[in-house]
Structures are given as C-alpha cells and as structure tokens.
Amino acid sequence: MQPLGLSDPHERGPVTDRRAVAIANALWFRALAQRALRDGAPKAELRAANARAAARIVLRQARREALVRRLMFDAVAVGV
Numbered sequence: 364m365q366p367l368g369l370s371d372p373h374e375r376g377p378v379t380d381r382r383a384v385a386i387a388n389a390l391w392f393r394a395l396a397q398r399a400l401r402d403g404a405p406k407a408e409l410r411a412a413n414a415r416a417a418a419r420i421v422l423r424q425a426r427r428e429a430l431v432r433r434l435m436f437d438a439v440a441v442g443v
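Just so you know, we're using my numbering here: the sequence shown kicks off at 364 and counts up by one.
Just so you know, not all the hints are guaranteed correct.
Claimed, not checked - DEER-style ranges, computed between Cβ atoms:
1. Pro405 - Ala438: 49 to 57 Å
2. Val439 - Glu408: 43 to 51 Å
3. Ala404 - Asp437: 22 to 30 Å
4. Arg381 - Val439: 17 to 25 Å
5. Ala440 - Pro405: 38 to 46 Å
6. Gly442 - Ile420: 31 to 39 Å
7. Leu422 - Arg398: 17 to 25 Å
8. Pro405 - Thr379: 39 to 47 Å
9. Asn413 - Ala387: 15 to 23 Å
Derived from the structure by calculation, the hints contain no laboratory data. Please read these numbers as outputs of a predicted model, since none were measured by experiment. Virtual Cβ for every residue (Gly too), placed ideally from N, Cα, C.
Go ahead and model the full structure; you've got the sequences and the hints to work with.
Structure representation (structure tokens):
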C-alpha cells in the first residue's frame, strides 16, 4: 500500500514523503496519548497531554518546512 494513494513510488517527491512521515508521526503520538489514558498508570493525563503536544509540534514543523521550501523555490525562480 502506497502512502497518500499514489500507485507508483517514483511519483512521490520529497514533499510528499515528508508529509507522509509527519502525518504518520502525528498519528503515532495521538495513539500514544490514547494508550496513556487507558493504561491506568500514574500521571496518565499528563503523559497524554505531552503526546498530543508532540503531535502538534510535528505537524507545525512540517508546515514550517513546507513554507520555507516554497519560499526558497520562489526566490530561485525570481533569481534572488
């Protein structure tokens, strides 16, 4: 099964790969938050909040990298 519904791995680019990795990491952290709430260990709420915060950080960083990449390519296209 290919990420993001692409049939050919050669159709993927670095942006698609990074996006897929960021989404997978965020989903993993969110699943970790759910497990923390269910396991009954001490400080479950704190561990779940930390995992959700990590998921937000991963997604924020991926958005920032995409923005920087776009700005970089726009600057190269203009000839700066």
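Hints not upheld, ascending by number: Violated hints (numbers, rising): 3 and 5; every other hint is consistent with the structure.
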